[in-house]
Amino acid sequence: MRHIISVLMENEPGALSRVVGLFSQRNFNIESLTVAPTEDETLSRLTVTTVGDDRVVEQITKQLNKLIDVVKVVDLTEGDHLERELMMIKMKANNGTVRAEIKRTADIFRGTIIDVTPNTFTVQLVGASSKLDAFIEALGSSNIMEVVRSGVSGIARGEKVLTL
Amino acid sequence: MELLSGAEMVVRALRDEGVKFIYGYPGGALLHIYDAIFTQDDVEHVLVRHEQAATHMADAYARATGKAGVALVTSGPGATNAVTGIATAYMDSIPMVVITGQVMSHLIGEDAFQETDMIGVSRPIVKHSFSVQSPEEIPEIIKKAFHIAESGRPGPVVVDIPKDMTTPTERYEYEYPKNVKMRSYNPISKGHTGQIKKAVDMLLAAKRPVLYTGGGVIMGDASEQLIALAKELGYPVTNTLMGLGGYPGTDPQFIGMLGMHGSYEANMAMHHSDMILCVGARFDDRVTNGTDKFCPTAKIVHIDIDPASISKTIKADVPIVGPAQAVLKEMLEQVQAAKNSPCAESLKAWWEQIDEWRGRHGGRFRTDDSELMKPQQVIEMLSKVTNGDAYVCSDVGQHQMFAAQYYKFNKPNRWINSGGLGTMGFGLPAAMGVKMNFPEEEVVCVTGEGSIQMNIQELSTISQYDIPVKVICLNNQSLGMVRQWQDMNYESRHSQSYMKSLPDFVKLVESYGHVGIKVERYEDLEDAMREAFAMKDRMVFMDIAVDPFEHVYPMQVPRGSMRDMWLSKTERT
Ligand SMILES: Cc1cc2nc3c(=O)[nH]c(=O)nc-3n(C[C@H](O)[C@H](O)[C@H](O)COP(=O)(O)OP(=O)(O)OC[C@H]3O[C@@H](n4cnc5c(N)ncnc54)[C@H](O)[C@@H]3O)c2cc1C
Ligand SMILES: Cc1ncc(C[n+]2csc(CCOP(=O)(O)OP(=O)(O)O)c2C)c(N)n1
Ligand SMILES: [Mg+2]
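Line order of the protein sequences matches chains S and L. Counting in the working numbering, the first sequence tops out at residue 407, every number present. Counting in the working numbering, the second sequence tops out at residue 1239, every number present.
Check the hints yourself; a few may be wrong.
[What the hints assert, rightly or not] In silico DSS-like links for lysine-lysine, alpha-carbon gap of 27 Å or less:
#, chain 1, residue 1, chain 2, residue 2
1, L, Lys965, L, Lys981
2, S, Lys309, L, Lys1166
3, S, Lys305, L, Lys733
4, L, Lys1040, S, Lys305
5, L, Lys1014, L, Lys995
6, L, Lys1014, S, Lys309
7, L, Lys965, S, Lys305
8, S, Lys315, L, Lys897
9, L, Lys1014, S, Lys305
10, L, Lys1184, L, Lys856
11, L, Lys847, L, Lys873
12, L, Lys1014, L, Lys965
13, S, Lys305, L, Lys959
14, S, Lys305, L, Lys978
15, L, Lys863, S, Lys305
16, S, Lys315, L, Lys847
17, L, Lys995, L, Lys733
18, S, Lys305, L, Lys873
19, L, Lys1014, L, Lys873
20, L, Lys1184, L, Lys1166
21, S, Lys309, L, Lys981
[What the hints assert, rightly or not] Selected chain L positions facing chain S (Cβ under 8 Å, derived; list incomplete):
#, residue
22, Thr835
23, Pro973
24, Gly1086
25, Leu1087
The set of hints was computed from the structure by calculation and includes no laboratory data. We put the beta carbon where it would ideally sit given N, CA and C, even for glycine.
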């Protein structure tokens, strides 16, 4: 099963490499990874999506918790949560039909065209990863020039928070 | 407040931490620190002949005392030479602080002379590491390093110090912190009472119980509590390789080591048990054999200070996270307060069964199939001559297994060996590290002619510091453990497992100023050994010729259950 694990860690040099190293060292899989500082500048928040059975995911959270730089770990998929990923996608758009088609699809997915040249469109789309996948599928691969995705960020629904 | 340079702070902090010895080897990046060592005599530096030995000395000190040992190595090759020692400590959860020199901060990343990214290289084999960014941080970093290394599940910590952090002319206020607080690191101090209650109910209801205990009892200083609980219940106890000595080896409730080379009765009892209380052991693959076939009828309670050890390979029915000492103490209190007690009838039947297993195999070996001495005989003699009281530091191979099986350890922290990494070359420096700290105790290195050559250069360190350890070399003229596997799985094709061109060990040790004794006949063994141990202030190397064809048994059949064992070259369960 796919899990979204959120980690609060000390904003220190080397902390990120310990987390990433742990995954490769223990043969855990990483589907996506994002990391950035939080409102508290001494802390970073890292979100990793991974796939594994219960035993593996239990090991992942336990091993993450053991890292000295890690302050807190939560498996967001255990409760109600929100998941968002940002994607920018650059497409060939060199004739009227294609341009219209891309625009229509982007509208359906609530994407925004954020850059335009005579031959290209760049669309920005935000949503759950599955929605981003669906958008790519809907466009068909022939016109896609470049895709960049931010990786998943997640947050629990309701009053639950991940803080110190 | 006193003003000290970074280099002086390093040495002073070690003193303030109560460190008596540092084991190390100098080099460019450490010159300021070595100069600070020269001008004081609170902390004694021990100069090894290879950095790997420094780490093993520090590690063995920790295994014998529970306190972190300290190694000091220079940048680049000094640091990489220490890697095997760090990994050895990591795999066995041993507290150690390794200080590594580093090139000047402004040169880091430029492939400077003797630069190695030691934080990166050591990352997967440390509990934590620090890189000093400013000299003022040194006291706090060293305090934290010891705190992290020694508390919770112990482990090695690396402190990487760029040379410019130790400049003699730059001085800072020094104060050694009394304690540290880290928001992200709070080791647990007791177990969950409700979970302990559940475990006690299961313990008291069990009909075929086994206590399976490991290195966590040794490093967690919980031997006393384990003995008290086992005695109260009257249940059988088995130890892992790392747990030997945690329960007295000569006690009738002790059924021997378990696992790949565990005793017949221990492996049989585990397989047939209905309840296993695991204390500070980690269901290692050398213990469980095929995990899908592991102890099919047993409910499992697992006490471990590290939640990640629980249900890692074998699912626990009742997990208890906490230090073995506190949890066992509470368990005993609950057992004593409980209204019911173990069913005497089932326990009697269980012991009859175990004793029957014990009688059926019980550590037999043949002496009639070879002219030469058997390695097992040598260990039995060692146990006799030292009254089972010596610190026994082992290398890795068949001799290690024979020592584990045939030396009767009655006290914890006296069986010192590399279990998780299985590092050949560990034994001699380990014995040195123990002996320097316990000069009055008998300290033995049990080794093979293969392993001893992996750190043989330390014979020189032994001369320099007068470290009268006794080396018992079971010389089978082969990499016996490898050869055994080749006999069993490769139709005795002894590919590279034969040690040609062995030195004359007697002459070799004599050239360093030590005593060498060669023994070839069993009749001479006892006298020779007593003579060796009578030389209290000499290092003695006993080169003992043993049967090169001997195998270690029992040996579990790969991927089988715990009860699937070879019992000799011809018998199988
Ligand atoms: C040639 C060779 C053959 C081997 N054959 C065998 C064999 O037949 N049988 C065998 O048993 N081993 C054997 N080993 C050793 C094996 O590889 C493992 O090292 C060993 O089994 C692990 O022991 P352990 O389970 O006690 O765990 P350790 O590695 O000692 O780990 C200790 C556990 O206790 C926990 N712990 C630490 N401190 C505390 C505390 N204060 N309170 C509670 N828990 C704590 C830790 O978190 C950890 O989970 C062999 C090794 C070699 C080299
Ligand atoms: C550094 C290292 N290299 C290789 C091995 C693999 N290995 C395990 S036991 C062994 C043979 C040890 O030979 P010896 O020290 O003579 O002991 P014996 O088995 O003969 O008693 C080898 C090569 C190891 N454990 N460590
Ligand atoms: Mg040998």
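Status of each hint after checking the structure:
no., hint, result
1, Lys965(L) / Lys981(L), "holds (10 Å)"
2, Lys309(S) / Lys1166(L), "violated (46 Å)"
3, Lys305(S) / Lys733(L), "holds (26 Å)"
4, Lys1040(L) / Lys305(S), "violated (46 Å)"
5, Lys1014(L) / Lys995(L), "holds (25 Å)"
6, Lys1014(L) / Lys309(S), "violated (43 Å)"
7, Lys965(L) / Lys305(S), "holds (23 Å)"
8, Lys315(S) / Lys897(L), "violated (41 Å)"
9, Lys1014(L) / Lys305(S), "violated (40 Å)"
10, Lys1184(L) / Lys856(L), "violated (52 Å)"
11, Lys847(L) / Lys873(L), "violated (46 Å)"
12, Lys1014(L) / Lys965(L), "holds (20 Å)"
13, Lys305(S) / Lys959(L), "holds (25 Å)"
14, Lys305(S) / Lys978(L), "holds (10 Å)"
15, Lys863(L) / Lys305(S), "holds (24 Å)"
16, Lys315(S) / Lys847(L), "holds (16 Å)"
17, Lys995(L) / Lys733(L), "holds (22 Å)"
18, Lys305(S) / Lys873(L), "violated (33 Å)"
19, Lys1014(L) / Lys873(L), "holds (9 Å)"
20, Lys1184(L) / Lys1166(L), "holds (18 Å)"
21, Lys309(S) / Lys981(L), "holds (19 Å)"
22, Thr835, "violated (27 Å)"
23, Pro973, "holds (5 Å)"
24, Gly1086, "violated (15 Å)"
25, Leu1087, "violated (15 Å)"
Violation of the numbered hints given earlier is confined to hints 2, 4, 6, 8, 9, 10, 11, 18, 22, 24, 25; the remaining hints are satisfied by the structure.
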